[in-house]
Amino acid sequence: MEKFRQILNDLETLKFDMHNKDFLLTWEKTQDEIVATVKVAEALKNLYERNISCKVFDSGLAVSQFRDNSTRTRFSFSSACNLLGLTVQDLDEGKSQIAHGETVRETSNMISFLTEVIGIRDDMYLGAGHTYMQEVSKSLQSGYEEKVLHQRPTIVNLQCDVDHPTQSMADLAHLKNYFGSLENLRGKKIAMTWAYSPSYGKPLSVPQGIIGLMTRFGMNVTLAHPEGYSLIPETLEVSKKNAAKSGGTFNIANSMDDAFKDADIVYPKSWAPYHVMGRRTELLRANDSAGLKDLEKDCLANNAKFKDWECTEEKMRLTKGGKALYMHCLPADITNVSCKAGEVRDTVFDRYRVETYKEAGYKPYIIASMIFLGRFKNARAMLAELEKKGQKRVAQ
Amino acid sequence: MEKFRQILNDLETLKFDMHNKDFLLTWEKTQDEIVATVKVAEALKNLYERNISCKVFDSGLAVSQFRDNSTRTRFSFSSACNLLGLTVQDLDEGKSQIAHGETVRETSNMISFLTEVIGIRDDMYLGAGHTYMQEVSKSLQSGYEEKVLHQRPTIVNLQCDVDHPTQSMADLAHLKNYFGSLENLRGKKIAMTWAYSPSYGKPLSVPQGIIGLMTRFGMNVTLAHPEGYSLIPETLEVSKKNAAKSGGTFNIANSMDDAFKDADIVYPKSWAPYHVMGRRTELLRANDSAGLKDLEKDCLANNAKFKDWECTEEKMRLTKGGKALYMHCLPADITNVSCKAGEVRDTVFDRYRVETYKEAGYKPYIIASMIFLGRFKNARAMLAELEKKGQKRVAQ
Amino acid sequence: MEKFRQILNDLETLKFDMHNKDFLLTWEKTQDEIVATVKVAEALKNLYERNISCKVFDSGLAVSQFRDNSTRTRFSFSSACNLLGLTVQDLDEGKSQIAHGETVRETSNMISFLTEVIGIRDDMYLGAGHTYMQEVSKSLQSGYEEKVLHQRPTIVNLQCDVDHPTQSMADLAHLKNYFGSLENLRGKKIAMTWAYSPSYGKPLSVPQGIIGLMTRFGMNVTLAHPEGYSLIPETLEVSKKNAAKSGGTFNIANSMDDAFKDADIVYPKSWAPYHVMGRRTELLRANDSAGLKDLEKDCLANNAKFKDWECTEEKMRLTKGGKALYMHCLPADITNVSCKAGEVRDTVFDRYRVETYKEAGYKPYIIASMIFLGRFKNARAMLAELEKKGQKRVAQ
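If you read the sequences in order, they're chains L, Y and S. The working numbering applies: residue 1 is where the first sequence begins, and numbers increase by one. The working numbering applies: residue 1 is where the second sequence begins, and numbers increase by one. The working numbering applies: residue 1 is where the third sequence begins, and numbers increase by one.
The shape of chain L in the complex, shown without the other chains (with noise of 0.2 Å):
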């Protein structure tokens, strides 16, 4: 309670304009908007825990499309969904297609007629995801101008191939809570790193969006990986700017142990290289079977150069006082428990399992979050409401 009145009152002091708005790259929302998801999303935690209701829905859709696999994902989106009173419907177009003009506009369109949030999962294709949610957006956007429809839904991004932006605010809340505050982020150094891993074509988002957030509060942000497993250009000059004006720093190691050095917390994580990925998704999209099974051939044997891009004992030594915070958006892959040589060891691992399950925990209060201020102008008085009308979640 003594929390959550803190909360309220720190929101008071941020200046949000998230409303009948998206929330796609973390870089186009504001310091303050940031920081205002963070605080509703514990709000919205604080008030679940106290068994107190967060249904602010009485009816509505929530439109999920995941053009790729995924569980945790899928389960945050729903569970953020349910604890607002939304409920989910998914929209399964086969997992091939990649739906461009009128077809983009007409389907943003009919499965929204009583729609409130869209959540959309397209990371495969570089170029293509944070596009075509782009291409959803002005369509819900002239949809609702043009009168088809009555409300404009919100969209969530929940992961493209440049962001992953309820994955890195989820590892955000998690970092507040494990050091205290925002604030005692300033000067932590955090190195987010390249791993080995037996498999190929993981995508780029999680580092991208690491890098992107984490150097906006004054953090040592160090991204390290072997030669020629770069990100996104643009990614890069967006920490760049973000360090400068945090006054934090941005640096690029090609070693592991230089960002491991005095780390405070440490991100292996495999991911495939740029240019990989553009070359892949050239090969998806001409169905250039052979072509994939060449590529993806010619990259495990580039990876198998760089095992010993392990997140090891050893290397944990070389961390700030040899106890850095392990960090994973999960499923890792273990060496020895997963796989015979993968991005962490078995033993490192273990010792930060609980941890690593507490950061996803995260994640559906940060969606939720995500929809509540996207859906609410006055965001605080609405929480302010939800704790004195009490509605009990579970019966007592």
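There may be inaccurate statements among the hints.
Pairs involving identical chains hold if they fit within one copy or between any two copies, as the list cannot separate such chains.
Stated by the list, open to error - Taking lysine-lysine pairs in the DSS-like style, the calculated list, with each CA pair at most 25 Å apart, reads:
no., residue 1, residue 2
1, 15, 3
2, 21, 392
3, 358, 21
4, 202, 297
5, 147, 358
6, 307, 202
7, 392, 55
8, 55, 388
9, 389, 55
10, 138, 358
Everything labelled a hint here was simulated from the structure, so no lab data went into it.
Given chain L, work out where chains Y and S should sit, using these hints.
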């Protein structure tokens, strides 16, 4: 509010007895029942837009059974059920299976113990869809009488081989709104015409539904198609009788130009010939994929003879003042957009695009109205009660 | 109302401690807990039929995990969750994947942040289903203790390789209603017998569940099957002990006639022999489709030796007064209806068809009761409160 009162007053003058009954074919319903369905849909839309909850169910299942792919009907059904407080559970029996006899009776009962409504789409097989719904209907009725079921769920036909009542009724609601009243439709000419499409095998239920319904409102209904593209004979009989009774006319033309001449409304849409659908049904049942390929080839070749059956600017100029309302159930085959040559020229479609979207926007409310009238004896009082209660749909 | 009061009074005399626990096997529950589960199911059914809302959850997820196809169990689970106010989210992991170790622990936690109940069906692999549920159970328990999860979801076994408690408990509720009381079951003879089916590989969980449960009520339980069609030995031991304790009997016969002789209840149903299911599990795991085909062929040939194990009119005449109650979990293989020769003759089935439907109708309430008792410490008070509140399930 004024409008809502007017609807309640109008409902008081209508006689309808739809409680615990199904909505399978519009021509099984009385004129008053058709009008009541439109009015209740408008009332629900009015409440929705005034942010008043339409939740009449605290809990309860709605079963959806789609024997064909569907996006917009699926979302319309989901939206309608959600609006009223029902939760959709899909019945997925595999697309190719046409169950009969004991299986239908048993399954119909097994899925209905706590079920209020069953929405069925079954339009693939000529002679099968409506028959199947009748079988489910009988099964539910006997299950209710045998006290297996505590309540007798209402079936809503989401498209069968004979009729597509949720579409035609949404179209009617759109026409009512566009022309100001149902009375204003009297004497208006509507051209339901075949149009060229590069695909084949489109169901007959939309044109059949349109001629079967619009002939009831004193309209001059002209059905036009190339030779060989006739509809199920029974639906032509229904339309003739309806027109005679309502004081309208029903004509069949063999030219798109004749149909468009002085039309107030045009509805150009492709469909497969009746005999082709019959042959296709046989081949589908026999799993004869070679035969199906041949049939498709022949049919497409035949279609190609009628590429001039396209809704062009020239054809639109033939209509009343060159300004007939263009209608379509969507998605349309749009020349220069979704195909090289299709049902409608891009410039025509673009002029009416927003109208076709609004047309589609009535479907969730029409379905909700069908459920509402199927479940509540005194629908008028229930609507009045919802308004009086004034529960907010979205918190404010 | 009278009946409801009686149920509440009965509940007061029972000791049960099911809160925050799973329902995996009936023989892990005390006699009072079994009786309480039936009583709460009856109470919920009573409220439902009096149009009183049973919604005890304002929000919350129910996860369903079906590792085998399912229609009726899926609908029963959906109905139960919906009745109580929970929203079902499917966990679809692909049918062939049997996850172990870290994956189970991680997934179990990832899907449970806002989850109240997890329903699992896993009956394909002998030695795997129950083991899997135990693993999920441990994962949830540790997640709860590690403060990863705010609440500890309850697992409901929707059928495993060992038991099928939602079926056997629904059967018990049906018997209680049919014979007037649980006390009236004492001394009644029930014949759980194998029957011929033209298909193979049917799970053992139904006969195992029936003998394991019905032996607890002083019934004379006779299990009958051809040589070689034995069940998991442990379940026979459980049944023997239960019978000894309850004052009933448990016999194994090798003839359907012996079993039917003077029976009050017959439950003729096909299943695969224990050793065949074991061999099948090995072959499934090895992905040995040739081996599976051979096994099926052998097994069907062996089945065919026992075509006379059919519930015919002649056999029914052997039962008590020729009027034993016929039971089946459905769907049955009905001679002359669903196959040429099956488990039961059409005329017999037809006479009991409505009873089997009613039998199935208890399942949603049994599942709801298992959830209710797993989530609420004071179930009796909660039921009383629901009735007192008297919120209408469907508006009137």
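Results of checking the hints against the structure:
1. In this assembly of identical chains, the alpha carbons of residue 15 and residue 3 lie at most 25 Å apart only when taken from the same copy (20 Å versus 39 Å across copies).
2. Taking the shortest alpha-carbon separations for residue 21 and residue 392, only the inter-copy value of 22 Å comes in at or below 25 Å, while the best intra-copy value is 30 Å.
3. Taking identical chains as interchangeable, the C-alpha atoms of residue 358 and residue 21 lie at most 25 Å apart only when they sit on different chains, with a minimum of 23 Å there against 29 Å within one chain.
4. In this assembly of identical chains, residue 202 and residue 297 lie within 25 Å of each other by CA distance solely inside one copy; the values are 15 Å within and 43 Å between copies.
5. When the C-alpha separation of residue 147 and residue 358 is checked against a cutoff of 25 Å, the pair qualifies only between copies, where the shortest distance is 8 Å, while the shortest distance within a copy is 43 Å.
6. Taking the shortest Cα distances, residue 307 and residue 202 sit within 25 Å of each other inside one copy (16 Å), while across copies they are farther apart (47 Å).
7. Taking CA atoms no more than 25 Å apart as the test, residue 392 paired with residue 55 passes in both settings, with 10 Å inside one copy and 12 Å between copies.
8. Both within a single protomer and between protomers do residue 55 and residue 388 lie at most 25 Å apart by alpha-carbon distance, with minima of 13 Å and 22 Å respectively.
9. Proximity of residue 389 to residue 55 under the C-alpha cut-off of 25 Å is found in both arrangements, the shortest distances being 11 Å within a copy and 18 Å between copies.
10. Proximity of residue 138 and residue 358 under a CA criterion of 25 Å is satisfied inter-copy only: 18 Å between copies versus 36 Å inside one chain copy.
Every hint from the earlier list agrees with this structure, and none is contradicted.
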